[in-house]
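Assemble the complex: chain V is given as a structure, and chain H must be docked to it using the hints.
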Amino acid sequence: MKKICLTVVGLYLLLLHAFSQSTTGDTATYKPKKLKLDEVNLVSSYYTQTGDHSAIRGGIGSEKVTDLANGLEFKFIGFDAKQRKNTLTAGIGVDHHTAASQAWISKTGASRRTDGLRLYPSLDWTRENEKKGTSFSLGAYYSNEFNYHSLGLNIGITQKTHNNGEFGFKASAYFDQVKLILPSEFEPAGAYGVGNNGEERHPDYGSSSRQTYTGSFSFSQVINTRLQGTVLLDLVEQNGYLGLPFHRVYFTDGTDSIEKLPSNRFKLPLGLRLNYFLGDRFILRSYYRYYTDSWGLHSHTAGLEVPVKITPFFSISPFYRYYTQTAVKYFAPYEQHTKTDGHFTSNYSLSAFSSSFFGTGLRIAPPKGILGGLSTMEIRYGHYTQTTDLVSDIISLNLSFK
Amino acid sequence: MYRQPGSIQRPSRIPILRLAAVLILATMAACTPVKEYQKNRINDSEMGLSNRKVEKNELNFQSYREGSSGANGGKTGGGCGCN
Chain V
1 MKKICLTVVG
11 LYLLLLHAFS
21 QSTTGDTATY
31 KPKKLKLDEV
41 NLVSSYYTQT
51 GDHSAIRGGI
61 GSEKVTDLAN
71 GLEFKFIGFD
81 AKQRKNTLTA
91 GIGVDHHTAA
101 SQAWISKTGA
111 SRRTDGLRLY
121 PSLDWTRENE
131 KKGTSFSLGA
141 YYSNEFNYHS
151 LGLNIGITQK
161 THNNGEFGFK
171 ASAYFDQVKL
181 ILPSEFEPAG
191 AYGVGNNGEE
201 RHPDYGSSSR
211 QTYTGSFSFS
221 QVINTRLQGT
231 VLLDLVEQNG
241 YLGLPFHRVY
251 FTDGTDSIEK
261 LPSNRFKLPL
271 GLRLNYFLGD
281 RFILRSYYRY
291 YTDSWGLHSH
301 TAGLEVPVKI
311 TPFFSISPFY
321 RYYTQTAVKY
331 FAPYEQHTKT
341 DGHFTSNYSL
351 SAFSSSFFGT
361 GLRIAPPKGI
371 LGGLSTMEIR
381 YGHYTQTTDL
391 VSDIISLNLS
401 FK
Chain H
1001 MYRQPGSIQR
1011 PSRIPILRLA
1021 AVLILATMAA
1031 CTPVKEYQKN
1041 RINDSEMGLS
1051 NRKVEKNELN
1061 FQSYREGSSG
1071 ANGGKTGGGC
1081 GCN
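Sequence lines, in order, name chains V and H. The working numbering numbers the first residue of the first sequence as 1 and each following residue consecutively. The working numbering numbers the first residue of the second sequence as 1001 and each following residue consecutively.
Bound-form chain H, shown alone:
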């Protein structure tokens, strides 16, 4: 099919979504039951799965100095990054 120069070609979502599903299923299959009283290491403040507050401005500058962003639990839009 002829495609006009400069037209937008959307990336196929299917392989990425499949990969996400496989990762989720693999993670679920690998897990063993963990009781509340066994979570002293999991609940350690440095085991958290979200970004630390002290990293906030690092993520900000990286999203402006690099062409990609997202999938890190942070902001996905808004802001200029003009400078």
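Chain V on its own, in the form it takes in the complex:
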């Protein structure tokens, strides 16, 4: 009897074992999922600026600018037969700007073109292998405006570590073309004007190229249950025509020329980001960057943003960013350069200054969405001041649909 009982138990265990083996067909029968629209993002911004150091007039004159930017992004997600996640993101952006200083491409301030449109489509594809903790990505970007074209390509990889960390590397290349629009005094007499039919007449512009190559390294790490950080390092090499042809420089004798900058620039920024969840309602988002380059510019950037969770789905995020930089070796203000200088510019973005940027953001993301398909809404306003007297304001809106 004892033998029979043991035999029955043994058969039962064998049966269980056999059935447990027969249920492991998940991966063999896994069906790929086609790319499906997962998220749509609309980002709109309105930017306005005033200042009195226009580079077009050699470091004097109005820098009044307005810019309305709209970007639409479609994100598709699918899985292939090996259960790898594929994400395809297609974006299109349109900016319209007005710039008072553009009128001064003509010596008399009579240029008719004081506004412009920029169109910039982009496409990114990422394949993520969650089992291996790896990802591979490819991207392309194009930007077109009246005097400037830019084509960008990038390739990237990431690798997760066993301890909640992730290494990333991305190589990017940008190939730009600058239309050589010179200040009117450097064009032949009568090159600018109005034609018989009222159309604007201008010279046949040539163009010059500019290339940018970047290697971006990143390492991010979850440090504990409330703290995570990332270290970012870029190596950037730029070659070609790195100035702008309509930026004037006035010499000590009152005569002028167009800005002349070296045809090579190497940039080395190192950034650190640390985010900490304080208590149940506060998040501290901090950022620091040190930057140095081959033109002699060094800068420090420090920023802190504190999202306060009023409810789990509604937060207010005040922020402050401080920035300071030294001037490049080739900068001097209006009528300070001498003709013996090898390179010269009076572009105040390359001068020594510090700036402050502060404002606040609102974020609403209820679990059931807002008005049907809208899942997240963010509004953000920022006020920016430079010690060069440049002042600007920007208001941005992000609507995310799922």
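Note that these hints are calculated values from the structure, not bench results. Please read these numbers as outputs of a predicted model, since none were measured by experiment. Don't be surprised by glycine CBs; every beta carbon is placed ideally from N, CA and C. Please note that the accuracy of each hint is not assured.
Some chain H residues close to chain V (C-beta under 8 angstroms, calculated; not the full set) [claimed, not checked]:
{"no.": "1", "residue": "ILE1016"}
{"no.": "2", "residue": "ALA1020"}
{"no.": "3", "residue": "MET1047"}
{"no.": "4", "residue": "ARG1052"}
{"no.": "5", "residue": "GLY1067"}
{"no.": "6", "residue": "SER1068"}
Frame of chain V; chain H shown alone:
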């Protein structure tokens, strides 16, 4: 060594790369094991280490109004910033 006026002096990469290595090692050494079920705060949408989408145009204007850019996960080249 004589250096021609206006010639390019490349910044030394070594101290910056060393600093990056030290930061990475310090970060790795400081971390404690965190299980998936302990990540409710880390996974909060506002704890993300990348820039928010709503910041995109802010980063754009800063890169044109200031002499430095990069190391923020954003674009590192391309574009004019002519105005």
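We went through each hint and held it up to the structure:
For the restraint placing H/ILE1016 at the interface with chain V, the shortest Cβ-Cβ distance is roughly 5 angstroms, inside the 8 angstroms limit, so the hint holds. A hinted interface residue such as H/ALA1020 counts as satisfied when its beta carbon comes closer than 8 angstroms to some beta carbon of chain V; here the least separation is about 5 angstroms, so the hint holds. Hint status for H/MET1047 relative to chain V: holds, with the closest Cβ pair at about 5 angstroms, below 8 angstroms. Satisfaction of the interface hint for H/ARG1052 is found here, the shortest Cβ-Cβ separation to chain V being roughly 7 angstroms, below the 8 angstroms cut-off.
Of the supplied interface hints, the one on H/GLY1067 holds, with its beta-carbon coming within about 5 angstroms of a beta-carbon of chain V, less than 8 angstroms. Among the interface hints, the one on H/SER1068 holds; its C-beta lies about 4 angstroms from the nearest C-beta in chain V, closer than the 8 angstroms criterion.
When each numbered hint is compared with the structure, no violation occurs for any of them.
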